[in-house]
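Trainee: Letter by letter, the chains look like this.
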Amino acid sequence: MKKYTLKRLLTSLFTLLAILLVLFILMQLMPGSPFNDEKLNDDQRAALYAKYGLDQPVLVQFFRYVGNMLKGDYGVSYNISKNTPISQLIQTRLPISIGIGGAAVTLGAIMGLIFGLVAALKHDTFWDTLATVVSVIGVSVPSYVFALGLSYVLGFRAQWFPMLYNAQLATQSSVLPSVALSMFTMASIARFTRTEMLEVLDSDYMLLAESKGISGPALIFRHALRNALIPIVTVLAPLIVDLMTGSLVVEKIFAIPGVGSLLVNAIQSNDYNVVISLSFIYSAMYIGIMLVVDILYGIIDPRIRLAKEGD
Amino acid sequence: MKKLLSLVLALTMVLSLGVVAMADGGSDLNVMVETPVMSLDPQIATDGTSFEVIADYTDGLTQMDAEGGAIPAIAESWDISDDGTVYTFHLREDAVWSNGEPVTAADFVFGWQRAVDPANASEYSYMLSDIGQVVNAAEIIAGEKDVSELGVKAVDDKTLEVTLNVPVSYFLSLMYFPTYYPVNQAFFESVSDTFGTSPETVLSNGAFVLDSYEPAATAFHLTKNPDYYDADKIQLPGLNYQVIQDSQQALMSFQTGALDTVLVGGEQVEQVQDDPQFLTVGAGYLWYVSPNIKDVPELANQNIRMALTYAINRADIAESVLMDGSIPTYTAVPLQFATGPDGSDFSEDQTLFADYCADDADKAAEYWAAGLEELGIDSLELDMIVDADDEPQKVAPVLKEQWETALPGLTVNLTIEPKKQRVEDMQNGDFQLGLTRWGPDYADPMTYLGMWVTDNSNNYGFWSSEEYDAIIDECTTGELCTDAEGRWARLYDAEELVMADAVIFPLYTKANAEMISSAVTGIEHHPCALNRVFKNAVKEG
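Respectively, the protein sequence lines represent chains A and B.
Taking our numbering, the leading residue of the first sequence gets 1, the next gets one more, and so forth.
Taking our numbering, the leading residue of the second sequence gets 1, the next gets one more, and so forth.
These are computed hints drawn from the structure, not numbers from a lab.
Quick caveat, the model's predicted, so the values are computed rather than measured.
With a straight-line cut-off of 30 Å between C-alpha atoms, the simulated DSBU-like cross-links for lysine-lysine are:
1. A:K2 to A:K71
2. B:K153 to A:K39
3. B:K419 to B:K400
4. B:K394 to A:K39
5. A:K39 to B:K400
6. A:K39 to A:K51
7. B:K419 to A:K252
8. B:K233 to B:K158
9. B:K400 to B:K363
10. A:K252 to B:K539
11. B:K394 to B:K363
12. B:K419 to A:K51
13. B:K158 to B:K224
14. B:K145 to A:K51
15. A:K212 to A:K122
16. A:K39 to B:K145
17. B:K294 to B:K419
18. B:K419 to A:K39
19. A:K39 to B:K294
20. B:K394 to B:K419
21. B:K153 to A:K51
22. A:K3 to A:K71
23. A:K252 to B:K394
24. A:K71 to A:K51
25. B:K145 to B:K158
Construct all of the structure, not just a fragment, from the sequences and the given hints.
Mentor: Next up, the structure:
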C-alpha cells in the first residue's frame with residue numbers, strides 16, 4: 001500500500017509539471033495578448049512585454065516560472081487587478097469557493113443518498129417515482145436556473161436570505177448558492193444510489209445475509225449500502241473538484257467573490273499568470289482528490305486493497 | 001419538526017437583520033458598479049471604475065464641477081503666463097494626507113514622474129505627453145531623457161510650476177484626471193510593491209477614505225474623511241460599493257432597497273422606464289464601424305463606403321435595439337462631452353454633415369449601384385469583426401440585416417472575437433469592417449479627431465490626408481492653439497474631411513440607463529474622466 005501510494009504521488013507530481021508546460025504553450029497560442037488595449041501604442045506595448053519578461057522564449061519563461069513557483073511566487077496579474085500578486089488575489093477567494101462548493105457537495109451527497117435509498121427500498125412505489133422525477137429535474141435543469149429561482153423566491157420576495165454575497169453574512173449568503181449548486185450532485189447521486197442499491201439488494205450475498213438472520217438497518221447500511229458506495233465515490237470525486245473550483249454563473253448571479261469568475265475574467269483578458277495559477281491549482285486539487293479516492297476504495301472494499309498490494 | 005424549522009428560520013432572520021443594521025451604520029450610499037476595480041494606482045489605472053474610486057478618495061489640483069468644468073481643489077488658485085505655457089499652482093495650506101502629512105507640490109512632481117517613467121509603462125502616459133504637452137514628457141516616455149527633466153517642479157512646498165511645450169486650452173480640466181494625481185513618495189516607498197492593494201497601502205487626501213478593500217473585490221467600502229479640507233460639505237457618511245454583473249439581480253437589489261443606484265440592462269428598460277427613478281445618462285462613447293480603406297480594394301471605393309454609411313438606420317438601432325437612451329450619431333465627434341467657447345455642444349447639430357451621413361436607404365442604393373459599376377462587380381461579400389460582448393452582439397446582426405436589405409448583392413459575415421483580439425486585428429489591419437468604440441479622455445473634440453491622423457494606431461482604416469494632418473497640427477501645436485474660437489471652427493473643417501471621405505460610419509453616442517433612488521440627489525455624471533462624482537450627493541433618511 002505504501003509503495004503504491006508513493007508511486008501514485010510521484011506520477012501526480014510529474015503530471016502536474018506536464019500540465020504546467022501545456023498551460024504555458026496554450027497561453028502562447030491564445031489569440032491576443034494581455035496588452036491589447038486601444039490606448040496603448042507599440043512602444044508602450046514593447047515596454048510592458050519587457051517589464052514582465054514576455055519578450056523571452058516560452059521555455060525560458062516556463063523555467064523561470066517553475067523556479068519562482070517553488071519559492072511560492074505565482075507572478076502578478078497583468079489586467080484584472082494590475083500588478084497584484086496572484087497569491088494575494090487567490091487567498092481570500094479560494095476559501096469562499098471551497099466553502100460554498102463544499103457545502104453544496106455535502107448537501108447534495110446526503111440528500112442524494114437519502115433519495116436513492118428511499119427509491120431503491122420502496123422500489124416501484126410512489127416514492128420511487130417521486131425520487132426519479134426530482135432526479136431528472138435536478139440533472140437536466142442548469143444550476144443558474146435554480147440560482148435565479150431561489151434568488152427571486154427566497155431572496156427577493158421572501159427576503160429570507162441575501163440576494164448578493166455579503167462577507168459579513170457569509171453563512172446566510174452561502175445558503176442559496178450552495179443549494180442551487182447542490183441540485184446536480186443530489187440528482188446524480190440519487191440516480192446512482194438507486195441503481196447500485198437495486199443491484200446489490202438482488203445479489204446472492206444479500207440473500208445469504210438475510211438468511212443468516214441479519215435485518216433492519218444493519219442489513220441495509222452495513223451490507224447493502226457499503227457495497228453500493230464504491231461506484232458512487234467515483235462519481236462524487238470529480239463533482240467535488242468541479243464545485244469547489246467555483247461555478248462561474250452562480251458566482252456571477254450572487255456576486256460571490258470566488259475563483260470561478262476570476263478565472264473566466266482572466267481568460268477573457270489574457271491575464272496569463274492568473275489563468276496559469278488557477279488552472280494549476282485546479283489540476284492539483286483534481287489529482288489530489290483522485291488520489292484520496294483511490295486510497296478510499298481500499299478502505300471501503302478490502303478486495304481492491306489486497307489486489308493493489310499484490311502489485 | 002415544523003415548529004423547529006420555523007424557529008430556526010426566524011432566528012436566522014432576526015440575526016441577519018441585526019448584522020445588516022450594524023454593517024449599514026446609517027445612510028451610506030449603496031452604489032453598483034459593473035466591473036471590479038482593476039488598479040488603485042492612479043498612474044496605472046485605465047478603466048472607469050478604477051478612476052471613479054480613486055477620485056472618491058483623492059483630489060487632484062482641480063476637481064470636476066457638475067458640468068465637467070475645472071474648479072479649485074488641492075490648488076486653491078493658479079497663474080497662467082501670458083503665452084499660456086507656464087502654469088503656477090498655489091496649493092492650499094490645509095490639504096493633508098490621511099497619515100497626517102501635508103499634501104505638497106513634491107507629491108505632484110512624484111506622481112507625474114511616475115506617469116512618464118518608462119519603467120512603469122503607464123498606459124495613460126500620453127495624457128502628459130500628447131494631450132497635456134508637458135515639457136519633455138514625450139522624450140522621457142521614449143527613454144531619451146531622465147524623469148527629473150519633466151517640465152514640473154516644486155518651487156516650494158505649496159507652489160507647483162508646470163511648463164508646457166505649447167498652450168493647451170483644456171489643461172486645467174486635465175488636472176482632475178487621475179493620471180495627474182499626487183502620490184506621496186515617502187509613503188509609496190514604504191509600501192513599495194503593495195501600493196494600492198489594501199486600505200493600509202493607499203493614502204487619501206479626498207472626501208472619503210478607503211476602509212475595506214482587497215484586490216478585485218466584489219464589495220468594498222469608503223467612509224467620509226474627517227480630515228478633508230472640505231469635510232463640512234460632504235453629507236454622505238460613506239460609500240458602499242457592490243460589483244454586480246447580472247443586470248436582473250442588480251435591478252432586484254435596487255427594488256429591495258439594498259442598492260441606491262444601479263445600471264439597467266436593455267431587457268429591463270421597458271419594465272422600468274415609466275418609473276420616476278429611471279434616467280438615462282450620457283456615457284460619451286462613440287460606437288462606429290471602421291472600414292479598412294487601405295487593404296480592401298472594394299472599401300477603398302468611396303461610393304461603396306458612402307452606400308454603407310447611408311444604409312445604416314441609426315435611429316432604429318438606438319430606439320428599438322438598445323433602448324437605453326443612446327443617441328443616433330451622424331458626426332465623427334459624439335454628443336454631450338465637448339462644450340465650446342460659446343458654451344454649446346460641439347456636436348449639437350447632427351445634420352451638419354447630412355450630405356455625407358444620414359439614415360437614407362434610397363441614397364445608399366444609388367451610391368451602391370455607382371460603386372459596383374466602378375468596380376465592375378455585381379455582388380460583394382464583406383466580413384465584420386465584432387467583440388464577444390453583449391452590446392456589440394446585439395447591434396452587429398441588426399447592421400448586417402440593414403446593409404443586406406438596402407444594398408442588393410451584399411453579404412456581410414460577422415466574426416465574433418474577444419475584444420483584445422479584435423483590437424489587435426484592427427491595429428494590424430487584419431480585417432475588412434470592424435465594429436468598435438472610443439471613449440473620450442478629456443472634454444475636447446481632439447480626443448476623437450486626433451485618432452485619424454496618418455499612422456495613429458487607432459486610425460484603423462489607415463486613412464491618410466495631408467490636409468487633415470495639417471489642420472490637426474495647426475490646432476494642437478500650431479498657431480490656433482491660443483485662439484479658442486478659431487480653433488473650434490477649424491476643428492469642424494477637420495471633422496468634415498473625415499465625414500466626407502466616410503472614414504468611419506458613426507452609429508450612436510452611448511448612454512447608460514440607470515435607476516437612482518428618489519431619496520438620493522446630487523450624484524454628478526460625466527461622460528469623460530470621472531464617470532460619477534459623489535462629493536455633493538445627499539441621501540435622505
